[in-house]
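Chemist: Construct the complete structure from the given sequences, taking the supplied hints into account.
Here are the chains, one letter per residue:
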Amino acid sequence: MKAAACLLVGAAAGALATPAAARRVDLRIDRIESPIGVAQDLRASVDGDAAGAELTLRPAPRSGVAADDIAVACRLARDASGWRCAGAATAPAVTAARVGLVVELGGGVAALRLSLGESELRIQSAWSQPFQGLSGHARLRLAELQDGFGRHWPGLILKEGRIDLDLRFDARAASAPQVAADLKLQDVAAESRDGSLALAGLSGGGALALRSEAGSWRLAPRLDLEGGEILLGSVYASLPSQPLHLSFELQPLPDGAWALPQLRLEDPGTLQVELAARLRPGAAHPVAELNLRHVEAQLPQAYARYGRAWAASRGWGELALRGRLRGAAHWQGEELTALHVLLQDVALADGGGRLGVTDLRADLAWEREGAAVPGTLSWREASLYRVVVGAVETRWRSGDGALSLEGGAAVPLLGGTLEIPRLTWRPGATRGERVALSLAVHGVDLAQLSRAFGWPAFRGTLGGAVPSIHYADDGLTLDGGLSLRLFDGDVNVTGLVLERPFGVAPALAATLAFSGIDLRPLTAAFGFGEITGRLGGRIAGLRLLGWRPVAFDAELLASDGGTISQRAVRSLSSVGGGGLAAGLQAQLLRVFDTFGYRRIRLACRLADDVCHMGGLDSSGDGYTLVEGRGLPRIAIVGHQREVDWPTLIQRLRDATSGNAPIVR
Amino acid sequence: MRFDRGFLAACAATLLTACVTINVYFPAAAAEKAAEQFIGTVIGDNPAPAQAPVPQQAPAPDAPGRRVPQASWLDLLVPAAHAAEADLNVQSPAVRAIQERMKQRFEASLKAAFASGAAGLSRDGLVAVRDAGALPLAQRAALNQTVADENRDRAAVYREIAIANGHPEWEAQIRATFAAQWVEQARPGWYYQDAAGVWKQK
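As given, the protein sequences belong to chains A and B, one line each in that order.
Here the first sequence is numbered in this note's numbering, starting from 12 and rising by one per residue.
Here the second sequence is numbered in this note's numbering, starting from 4 and rising by one per residue.
In short, the hints are calculated from the structure, not lab data.
Glycine residues also receive a C-beta, built at the ideal position from the N, C-alpha and C atoms.
Keep in mind that the hints are not guaranteed to be accurate.
As the list claims (entries may be wrong) - If we take Cβ atoms under 8 Å as the criterion, some of the chain A residues that face chain B in the derived model are:
no.: 1; residue: Glu202
no.: 2; residue: Glu240
no.: 3; residue: Tyr247
no.: 4; residue: Ala323
no.: 5; residue: Val515
Modeler: This is the structure:
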């Protein structure tokens, strides 16, 4: 708009330089060169007498004027101070509105005023040779400019607010020609058409420069922003009232893209960002290149102000962060090509208890192509759900497009060790293959693990190896397996798949096979009464949803005989949902403390919240859970084939917490 | 002896045809009914929520007056399981918990967002921010979060229903069934995406 205005001054001056004696004068102006631009092939006509003439100015088709079709018509008049031409300009390519236009020449000064509603641009220039420059003022009401603006930036809507500019253009300056302006923003609001990118209530002041450079131009604003809101997709920030300093340079490129040679943002004491970018508005990936040269964030403040909304939209709304982050990164298109992260004294805690880490320190660098760079990462303590791991210091090396753990890591875990022999991050790889990880666990104390999860007090150790872990579609698949040494027996866990590990209703699938488990400490741990002997069996197709079982096919078998206490008989009976076998009176049961058994088998296939029960045998009206031995001989027979799972769990809970059902 | 090429091709074709004719029956009607009930409960159109029916016959364990003399005491403790009515089950506690959360979210914010057109039902059975231009920025950010939360819940529901019914591969069909039901049960004025992804107003 400013460029067009300057040209108009020049063109009008050219027409008036001709004597206006004739009733009509037609002019053809081949070329006007100004420091800002070149206009070619303009046609002008002055029609009338000296007291009042109509001036029309219209660029010929295919002229060099940027706005293809500007037409000016004004009523020319002369008074004591000089010439005045008042009328309107139309430029259908710029705006549908008629822009009010007044040109005044007199007293050695040329002045131009363009107005549209309350918005106004005034420019004046001393009339001298050589041209020395001009000054002006622009008062812009953004809502009024939306129509014209929208034609060039259809994706962006100017909603409201005002911008005031004091303009200066000095043609005598030795350096490249430059329009400079002092700038004041008040409650500026603008947004993308879908509303996903938006500014609102942005106020502040600063300066801007518009420089002509080798046939192009460069806009360089420097702003102190005081208050307002910014929304960039899922990133939302309410800006502080203390000034936030923003400066950037913007330059159109010949290929239609925009260069952002530099952008600096400083929110004092909170966040500093320096970046350069190449933008392609309207393209599928509008950011063609992004060089994040430097980021420095004081995490508690920066996260609270800029990061929280983003984290919340990813399901981490209750995250608390402390410490300091510095870093740099480079993206080519959507592809990360370099990254450097420096973390100091970072502490992270999830309100939902999913993840936590204290005293996290890291200095990690990665480049897609580049020499090997060493790095370090350490923490004092970390937690994953209720599992706490101890301090670790790791060394890393970047090279061949991968960032790899060097020399493995050994993390203290519940009295044992979590070993990470291999951890490689390859950002350039296809999804699902970016992280290569193998784990091994040694000597983890099950008592500590049980305490952490609030389970019955299991005793034993856990170990195992997971040669590789795949992550895809928010699911972790663990190859290999874990083996638990549990109550003198063995439990093998295979087919481990963890879905949505930090998301909605985390799901865990696994298959367990066990053998030789000593029943006495196991039943003691559960407060189940006492059973002696060895237990084997399997739990196939186990699926936990929200850490509660929703499906499995379980078989528990104690086939070598042993003893079973009166309390365990009652507990087991409640599990089976059956009654005591005929011939044994409930009264009699109370006389004996323990009974011998030959075999116990309990099967449950859980689906749809219903447990389909089974035992040692199956006859028409029941299934035997416990086959007795010796005298008094007992048999526990279940009668209900299908047992409601939540009820079963409640009964088990009652039975094991001492609220055992009372036998009358 | 040589087989001519036509015969081999016919054999191959037969084998291929044999492969593709193995199909798994997707209980479309049951899925539709399950989706209808689930969605009805979430958006409050269902007078009777699609939850586990309360066992009618099982008396409370500690209600002595109801005991039947012949029955074992254990029968009183563990009520017999009730049979699920639909072929497609959506009953796990985790899914019910998600459903309850979705219901609360709908009442608290999504209902208004659908009514104003700020959000709409996307064709993939999720929710999308459609036109948030009328909302102040802070509310727009809150809506973004609500939509993200809702979509995480919905994706988990579709997947878990498929898995709970023993057919993880049904996830896409269950999602499509739900997508259609969301639109079916959308109230007048709500926006939804048609098959081509174009927003339409119901």
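Chemist: Min Cβ distance, A:Tyr247 to chain B: is it shorter than 8 Å?
Modeler: For A:Tyr247, the interface hint holds, since the closest Cβ of chain B sits about 3 Å away, which is under 8 Å.
Chemist: Does the nearest C-beta of chain B fall within a distance shorter than 8 Å of the C-beta of A:Val515?
Modeler: OK, holds: A:Val515 within 8 Å of chain B, min 4 Å.
Chemist: Double-check A:Ala323 for me: the hint is only fine if its C-beta lies closer than 8 Å to a C-beta in chain B.
Modeler: 5 Å, holds
Chemist: With 8 Å as the cut and Cβ atoms as the points, is A:Glu240 at the interface with chain B?
Modeler: Holds. Min distance 4 Å.
Chemist: Take the shortest C-beta to C-beta distance between A:Glu202 and chain B; is it under 8 Å?
Modeler: A:Glu202 check passes; min Cβ-Cβ to chain B is 7 Å, inside 8 Å.
The structure meets every hint from the earlier list without exception.
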